[in-house]
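A.B. asks: Each chain, letter by letter, is given below.
There are 2 protein chains.
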Amino acid sequence: MNELYRPVGAFYKEDTCHFVVWAPKKESVELVVTHPYQKIYPLQKDDAGYWQATVENVTPGLRYLYRIDGEMQRPDPASLSQPEGVHKASEVIDHNFSWTDDSWKGIPLEDLIIYELHTGTFTQNHNFEGIINKMDYLVELGINAIEIMPIAQFPGSRNWGYDGVYPYAVQNSYGGVNGLKRLVNAAHTKGIAIILDVVYNHLGPEGGYQSDYAPYYTQRHKTPWGNALNFDDAYSDGVRNYFLQNALMWLDKFHIDALRMDAVHAIVDYGAKHFVQLLKEEVAKLEKKTGRKKFLIAELDLNNPRYINPQSKSGYGLDSQWIDEFHHAIHAVLTGETDGYYEDFGSLQQVEKAFTDTYVYDGIYSPHRKKIFGAPVGNNDYGKFVVFSQNHDHIGNRALGDRLTQTLSFEALKLAAALVIFSPYIPLLFMGEEYGEKNPFFYFTSHSDPDLVNAVTEGRKKEFSYFSFKYDFPGPQEEDTYRQSVLSWNINGNEHAAMFRFYKAIIQLRKTLIALQNKERDSMKVYPVNDNKVLTIERKNGEESAFIIFNFNEEKKDYTLPAETSCNKIFDSSAAQWNGPGEVTPLTINV
Amino acid sequence: MNELYRPVGAFYKEDTCHFVVWAPKKESVELVVTHPYQKIYPLQKDDAGYWQATVENVTPGLRYLYRIDGEMQRPDPASLSQPEGVHKASEVIDHNFSWTDDSWKGIPLEDLIIYELHTGTFTQNHNFEGIINKMDYLVELGINAIEIMPIAQFPGSRNWGYDGVYPYAVQNSYGGVNGLKRLVNAAHTKGIAIILDVVYNHLGPEGGYQSDYAPYYTQRHKTPWGNALNFDDAYSDGVRNYFLQNALMWLDKFHIDALRMDAVHAIVDYGAKHFVQLLKEEVAKLEKKTGRKKFLIAELDLNNPRYINPQSKSGYGLDSQWIDEFHHAIHAVLTGETDGYYEDFGSLQQVEKAFTDTYVYDGIYSPHRKKIFGAPVGNNDYGKFVVFSQNHDHIGNRALGDRLTQTLSFEALKLAAALVIFSPYIPLLFMGEEYGEKNPFFYFTSHSDPDLVNAVTEGRKKEFSYFSFKYDFPGPQEEDTYRQSVLSWNINGNEHAAMFRFYKAIIQLRKTLIALQNKERDSMKVYPVNDNKVLTIERKNGEESAFIIFNFNEEKKDYTLPAETSCNKIFDSSAAQWNGPGEVTPLTINV
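For the record, the sequence lines run as chains A and B. So that you can map any letter, position 226 of the first sequence is 226 in my numbering, and since no number is skipped, the others follow by simple counting. So that you can map any letter, position 158 of the second sequence is 158 in my numbering, and since no number is skipped, the others follow by simple counting.
Everything labelled a hint here was simulated from the structure, so no lab data went into it. Errors might be hidden in some of the hints.
Any copy, or any two copies together, can satisfy a pair, since identical chains are not distinguished.
Stated by the list, open to error - DSSO-like mimics (lysine-lysine), calculated; alpha carbons at most 27 Å apart, straight line: (1) K353 to K511; (2) K370 to K273; (3) K511 to K190; (4) K26 to K462; (5) K370 to K45; (6) K222 to K370; (7) K25 to K134; (8) K313 to K273; (9) K45 to K190; (10) K525 to K569; (11) K370 to K26.
Remember, it's a predicted structure, so these values are computed and weren't measured experimentally.
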């Protein structure tokens, strides 16, 4: 670390506020206070391109902009709060908060059971308070980590969060800085970790004024969102610092336990030290300082183990990685879908490979990508990977936002759940999945720029042309699209209640069965799937062993265990207590 | 390797020729024979997108084009010969050649002493034959490797070679395929290795028709030459194969000993297996097959040791790397220049660091790049790095193409030479340097497209705006610019002859002094430079030790050796026999 790396933003303490903003190529930057009084303060530039001023007699709630080169006035790119939305003044925030989570030490990575949710559509409250209200419900379910889709300030009040433009500001409509802290504090006191989804690969298309300050973008690389953020070109240290400090802020000031980093493959960095490696080094220091486990989990569409290999093996050292291929493999087999990226999947052998080798495409040709893709995962433990049968993307990026409940039988839904929960990977559930929610989860926005609204709608149409969806789909900008996506909380119907009991039971088994505790790479044996369409895995831990039999047939199958010793059946998904048709029947998992 | 990877081009054997060309998205590709008869043959496409045909009764010299989708006719992108230049028909070549280098086994990498030359301007012959004529001269000098600037077919007859557009074709004006083979054969029989400079990061701006066949380029990354070649996007395997097979061809069919890969940093590959790693794996197989050492040497402006770290340490495994920073460090100190990239250099401490740590910018801020640059070189031996005090770039990319002979005193020139030759790195000389050539080495072209000619000239002007060159410089397209760049071979004048003797002597010392043979990272001690501007290095090998004292002063310096034991002086650059002013005088190196 050197002078190029330092916290940015507005730092309030005891009636004083210190302002720091990076604008290395600008001639002048001034602080424009707009509320509760109006005044302009000069800032001083240092050699590293940071402008600074300390202002006395400040009250939290003070609103401000920066005037750049005497021309435009812009919000603070490191603003903590945008009370009037993305286009208006930033707000000074007091980080003081009455934490009661002192005894919280975090949960080991491989023990996480993650529940992904979207703050706006999780409850009718549409905010963090709504999540706090459901905390006991989540404890009962048995999960121990909530993953919150991005909450950095975005335009309007309806957005998945990936259009955020103020990485440091907590969405005002969700409850802002204090709302988020209350949520984290409540979760920790109930034994639940908080994982925050952060987006360091792009900024949203509306309300981001970073480029008015500095070279936040480079033309060297393109991403799906246009010119890449500048992680490796001239002036990149200011951009790297911007996101690095952001990560440290969530983990430190907000007591966040882990960051789920969106689309890390689109953080394009050709420098000698990849940004995520730098990030990991600094997070490790923070971990030491706080005495709490802090994890970096990458969404990564590269199948390149370098990202998760330890730094001792020349890796970047990230703790964990999402595995979309596990999802694709089971989704394609269970639904029979072959459109879009599912064209690369569809065989049970790929489900088998997703269990054994983690990466399905590990140096073989991908018809969908039209290239050889990936490399072998190497010696990384199963406990480093996050898997799911549903998540926001694979529901929401369907034209009709339909969940598996619209496609699969009740028995198949249980099979999907068990494939995830009984895998040696870290399981992730998407909100509502646990009780068989039938409401869709659409893609939705609330941009204010009409041209952008049109562009987004057209973009979605184009995206779906990949798939064979023939029907109209709801406009992302329509409020009703958002309303329809809110969870129904219809959990008392017969099937819903049974599904919830089922999830509770298998989560409980995952937590307590000794054989399932080992996540080392040699702790699982996967028996080759043959024509009988039954996948058997054996999980081992010391002397203990468990066979898990996944029957992918529509009908009942005779099956002989590949075990030489005798076994006890301890669980059957088709049992009546899980609303099944009776024990050992088709599309069944048995433990 | 799989079916996506296979040789491409026209393969002649016993009156039959097999044609293979990659065009995965085309509907039809036909072979159009234009000479000695005219006929059109259909080609058959396979699943991997390769089109093939076998034609009987072919004589070498047959000329052909491909007709794509019934529309345009284009030369073969893997053509071995373009007898009428880049825009006309390709020619079938018989690879049969009477090699007499059977006993040649190659030279260990760290023992190489490289002489870089440009075929067109090395002699008044302007071709390979001219190089063969100078072979005994080069043997006398003591070098053991010739590095040939790129010879892939380029537009016209005057070009550095980096505008090549047929990577497989040997420039017709240089002597074509057989001319190059004769050169390699002659070199090997004299104990000299041949290193070929190859360009896999871009194709030249005129006469390259690759894009008419297939997606050779991607919009994902930009290089200084525009859209990057497609090493990681859809269809990239065909492009990777194109360059991979090219490398294997030179090393196998042409008996080339090593490839100097131009600007490897601009081979932008974000895939899980970097192209150069794939290349290294395949070259290692060839090395085994042929029983001859084959090296990959990267020009690499990243200071990222991953490229040269062994594959066992998750590196890409390249054998060697050019170190421009060594050049910059000594150039800036000796000339006092501070323009352009020299703004990052200028202190003797940087020369010292270039000796100790190889990478000068190894994770520190570069004012010129405006970012933190590089990472430490790690445990890679000195013998993996190529250094020089001059090369084609650092002469030719100066507006006036002036060599150090125009700037430095005779004594300083000897100092520069000794810094390179007595370093533990692999030394590289640029043609003419060894006798103090005074002719410039300009940048020159012979494009046929007038718009391109203007663009190149304007581009050069823009490049030089970085530097403070105030004067007009010769137009790259002028034939006279080329003529002036040809070596004078004026080696009989007093200073020229002394310089040649000096180079001969220090090369001889490098080869024979036991203390200089060790290239391990702990074999050299560099004594800190202080105000006396004297750099002392101690080279060690077992019991043997040698001190080399580089005096950067303009005047004589008193100096005490940092040695506890007694030493013998065995060499003094200021001695009268090297036309020096007398022993132990200013700007002197002593061994």
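A.B. asks: Each of the hints needs a verdict: does it hold here or not?
C.D. replies: Taking the hints in turn, this is what the structure says about them:
1. K353 to K511: within (24 Å within a copy, 55 Å between copies)
2. K370 to K273: between (29 Å within a copy, 16 Å between copies)
3. K511 to K190: Only inside one copy: K511 and K190 sit 17 Å apart there, 73 Å across copies, limit 27 Å.
4. K26 to K462: between (39 Å within a copy, 24 Å between copies)
5. K370 to K45: Intra 49 Å, inter 17 Å, cutoff 27 Å: inter-copy only.
6. K222 to K370: Both: 19 Å inside a copy, 21 Å across copies.
7. K25 to K134: Answer is neither; intra-copy 48 Å and inter-copy 54 Å both fail.
8. K313 to K273: Answer is both; intra-copy 14 Å and inter-copy 16 Å each pass.
9. K45 to K190: neither (46 Å within a copy, 63 Å between copies)
10. K525 to K569: within (18 Å within a copy, 70 Å between copies)
11. K370 to K26: Classified as between: cross-chain Cα gap 15 Å, same-chain 44 Å, threshold 27 Å.
In terms of the numbered hints stated before, the structure departs from hints 7, 9, listed from lowest to highest.
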